[in-house]
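Enquirer: Using the sequences provided together with the hints, build the complete structure.
Number of protein chains: 2
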Amino acid sequence: MASERIWTAALVVIGDEILSGRTQDKNVAQIAQWLNVQGIRLAEVRVVADREEAIVEAVNTLRARNDYLFTTGGIGPTHDDITVDAIAAALGVGVIHHPEAVAVLERYYATRGGATEARLRMARVPEGAGLIENRMSGAPGIRIGNIFIMAGVPHITAGMLDALTGTLEGGRPVVSKTIGSWVAESEVADLLREAERAHDGVAIGSYPFFRDGRTGANFVVRSPDEAAVDACLADVAERLAAAGHAATPGGI
Amino acid sequence: MASERIWTAALVVIGDEILSGRTQDKNVAQIAQWLNVQGIRLAEVRVVADREEAIVEAVNTLRARNDYLFTTGGIGPTHDDITVDAIAAALGVGVIHHPEAVAVLERYYATRGGATEARLRMARVPEGAGLIENRMSGAPGIRIGNIFIMAGVPHITAGMLDALTGTLEGGRPVVSKTIGSWVAESEVADLLREAERAHDGVAIGSYPFFRDGRTGANFVVRSPDEAAVDACLADVAERLAAAGHAATPGGI
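From first to last, the protein sequence lines are chains A and B.
If you're matching positions, the first sequence starts at 1 in my numbering and goes up one per residue.
If you're matching positions, the second sequence starts at 1 in my numbering and goes up one per residue.
Source of the hints: derived by calculation from the structure; they are not laboratory data.
Keep in mind it's a predicted model, so treat the numbers as computed, not measured.
You may find that some hints are simply not true.
[What the hints assert, rightly or not] If you want the ones that stay clear, here's a sample from chain A, every Cβ over 12 Å from chain B, calculated:
no., residue
1, Asn36
2, Val95
3, Asp162
4, Gly171
5, Asp225
[Unchecked claim] Covered stretches of chain B, going by a simulated chain A footprint (3 or more residues, C-beta under 8 Å):
no., region
6, 15–29
7, 35–48
8, 201–209
9, 224–237
We treat Cβ as the ideally placed atom computed from N, Cα and C, and that holds for glycine.
Expert: Shown next as structure tokens:
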């Protein structure tokens with residue numbers, strides 16, 4: 001188990017609207033959860049401004065050290081949508097109008113005012129790229145090498161992820177199970193550390209909360225090996241009971 | 001105006017819980033908005049795993065090229081809280097128990113079961129650090145050089161930001177004003193680009209949405225120079241009107 005291949009992905013969120021605090025990002029959580037199901041671990045995320053140098057730096061660093069790289073945002077028709085040009089620059093390739101994307105947009109806009117020049121900007125891709133189906137609106141996502149260029153609007157990204165489901169090679173999905181207790185995490189820090197050490201390849205996260213005037217914490221046990229998760233979870237439950245703390249399987 | 005000093009900050013979000021998709025981050029938007037009011041621009045964000053090398057890399061890269069660096073997460077009492085050790089390693093300094101933090105925790109836990117060894121882990125700081133007041137719970141935040149080490153739980157971070165308000169040097173806050181229209185952004189891409197070009201130092205963001213079965217977009221005009229924002233906003237309104245699109249000041 002210990003030598004099992006771990007597949008990783010990184011995500012570059014492109015957008016001044018996230019960095020300005022105007023928009024609450026939803027793509028990190030959405031893509032993380034989707035990747036888990038594909039057996040791929042989201043290893044790192046960067047949020048960068050709508051500036052070509054910033055995008056190029058992030059894309060080139062992260063695509064080299066992960067199996068997959070996703071980007072979200074900046075693929076619309078307006079002047080602030082520079083993702084395609086930046087990724088082409090990162091790869092050292094040109095930008096072309098993808099014939100299939102042009103056809104998709106012409107069909108989509110046939111009854112919506114026509115495929116204007118501005119709209120056909122959304123058919124521009126780095127040379128050599130393929131398309132990712134967009135089931136929600138006209139403009140497709142883009143795949144080039146190990147890079148997946150997705151929309152910024154979360155429900156459009158969701159549709160693109162849906163189209164990609166099952167097409168990426170991954171490992172076993174990480175299994176995570178939770179147990180909660182109305183206890184301050186500082187009271188059980190030692191037993192958590194010991195339980196984690198006693199179970200190879202298993203990670204325990206401790207997530208405190210304050211609710212209804214009381215302090216509690218959820219302990220999340222994670223591993224691709226479900227039997228190991230179950231054994232560690234049972235161990236944590238026993239150690240909590242031995243220390244006099246009632247626990248709730250599934251979390252509080 | 002063009003040569004005005006721009007103050008920047010970066011944020012490192014530390015936490016497997018964000019990368020696993022279990023927890024929706026709220027600190028990026030919260031810190032971004034707070035920084036805007038201080039006249040500091042959030043220039044980049046990285047979300048990294050609970051691994052020392054990952055934290056060290058992000059901290060050392062980002063603290064060097066920004067005026068300020070914030071981190072969130074990983075300062076609790078449990079084994080997965082490694083932020084202080086990682087930042088000490090990044091800076092090449094040791095870790096000590098800060099006497100004032102010890103006193104704060106001893107007072108806080110006097111009526112809550114006592115300041116155990118696990119709890120006093122939260123008094124550990126990189127050597128040379130000062131404290132940031134925590135108005136919500138016991139354990140303080142930490143300041144060392146241009147690094148601000150904050151909690152992961154958003155309402156605790158909010159209290160720490162509150163304690164820091166007005167203490168960081170910044171420039172003029174960015175002013176942003178919005179105008180919305182029930183129009184597909186692809187129809188107005190050209191006029192937006194031209195309006196941005198016509199107003200030096202002003203950025204226009206275009207944020208499309210689909211609501212009540214209709215397509216619309218909000219256009220956000222940003223600059224530290226409020227007069228320039230107003231002039232550009234009026235220009236966008238005029239160009240929209242000339243193209244036959246009704247617009248709503250303040251956004252839709």
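Enquirer: So, for every hint listed, does it hold in this structure?
Expert: Hints versus structure:
{"no.": "1", "hint": "Asn36", "verdict": "6 Å, violated"}
{"no.": "2", "hint": "Val95", "verdict": "17 Å, holds"}
{"no.": "3", "hint": "Asp162", "verdict": "16 Å, holds"}
{"no.": "4", "hint": "Gly171", "verdict": "15 Å, holds"}
{"no.": "5", "hint": "Asp225", "verdict": "16 Å, holds"}
{"no.": "6", "hint": "15–29", "verdict": "holds (count 13)"}
{"no.": "7", "hint": "35–48", "verdict": "holds (count 10)"}
{"no.": "8", "hint": "201–209", "verdict": "holds (count 7)"}
{"no.": "9", "hint": "224–237", "verdict": "violated (count 0)"}
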